[in-house]
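K.L.:
The primary structure of each chain is shown beneath.
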Amino acid sequence: MTRSTIRRVTTGACMALSLAVGPYLSAQAPAPPAVTIPTPPLSALAPANLAKPRPAPPFTMTGNWFIQGGVPGGGWLFGRTPAVLPKLTPAAQQHFDAYAKAAAEGKVYRDDIGNCWPAGLPVIMTRVWPIAMVQLPTAIYMISGFMNSLRIVYLDGRTHTDPDIVVRTFNGESIGRWEGDTLVVDTRNFIDDPHHWVDQGVPGSGDLRIVERFRMINDGKTLEADITLIDPKNWVGEWKGTRRWNRVDDIDIEEVSCLPDLNEHLQSTSSGVHVK
Amino acid sequence: MKKILAASALALGIVAPAVAHHSPAAFDRTKEVKLVGTVKEFRWQNPHTWIEVLVPNEKGQEVLWGVELTSPTYLIRAGWKSNTIKAGDKVTVVGNPVRSGEPAAIFVSLTLADGRVLHERPARLGGTP
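Residue numbers (our numbering), protein chains in the order written: chain A, 1 to 276; chain B, 1 to 129.
Possibly wrong hints are sitting among the right ones.
In silico lysine to any residue, SDA-like type, Cα no more than 25 angstroms apart, as pairs [unchecked claim]: (1) Lys87/A x Gly63/A; (2) Lys101/A x Arg29/B; (3) Lys107/A x Lys81/B; (4) Lys81/B x Glu254/A.
No lab work stands behind these hints: they were computed from the structure.
Quick caveat: nothing in here was measured; it's all calculated off a predicted structure.
Using the sequences and the hints, build the whole thing.
P.N.:
Laid out in structure tokens, this is it:
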């Protein structure tokens, strides 16, 4: 059999097979539905978004800020001083009791931040490190000097991302809006991870929601926020507190990473006083 | 990091500076140790700097102490440089000891051979007022 003969026979066989099963296949396998592809919002850095007409903001948070500690309204942790610890749920109370027991014994309970887990909100805002903030009409970019943790507060009118597609994070998803002289920031979509803590011994769940009301006081030298934390999986009702940050004009954030070999030289992260 | 247990440290007063990276509960803020010895290594690093100091104990044995400090961000604002101390320097370091009894502490102050005293950070950046 020549090559041309083989080609003719093969082609003919394929055509016959196609005619025989084609109607059957088309009847059994209708065209699949089209995949729905969402339209993402215009980027906060897109010129078309930045150029949209908007009222002038009452203040700008652009600058470097440092948590005010050791005074009323201050505090390194979000914490229990001066705010009152809310009534914890039984599950959260177990963690807090374990933390209190460890503290009484001079031990450290679940120091995940010291072991390179992200601090997450709200703790990232009260680390003893400067926070660089850059405010644009569409967003505020906050970069903590602590592990260079990034937080973006969107101001361009977008809503929180569809829970079915959002990537949950330790800092959550922050959406802000101006109300008079106040910036109201609503943060949701937190990660549901046992390494995310609101304070020592107080966990944060995926249901955590944080509302911050920022104001500029002291002639623009101090930023103040009334903070409300809600997490029905871990405490009852609203947990409220106030924190302030002072403007620091002689300091910039630097590159900071959690280094395993550095931790080996830090007794605070490697000694035998840790309760895992 | 393995170190020989025991030390010739002296219990002193109370200081409670803020720490940045981790829980400070590992350290006993009610106690201070005074380490008179020789620098073995000084690491200038974010987020923490640390000093290793060889300190003779009561038996004349050298004990390696680890002392952790805050980051250079703050140290330079308190007068430090990366070469403020180096291996072989004679120093006196005061710190709050770790509760586990290991030869380790968190930094309070450093006295150089020429008598200069250095702290970690100014009060406005979280230091002790």
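K.L.:
For every hint, state whether the structure bears it out.
P.N.:
Verification of the supplied hints:
no. : hint               : verdict
1   : Lys87/A x Gly63/A  : violated (37 angstroms)
2   : Lys101/A x Arg29/B : holds (18 angstroms)
3   : Lys107/A x Lys81/B : violated (33 angstroms)
4   : Lys81/B x Glu254/A : holds (16 angstroms)
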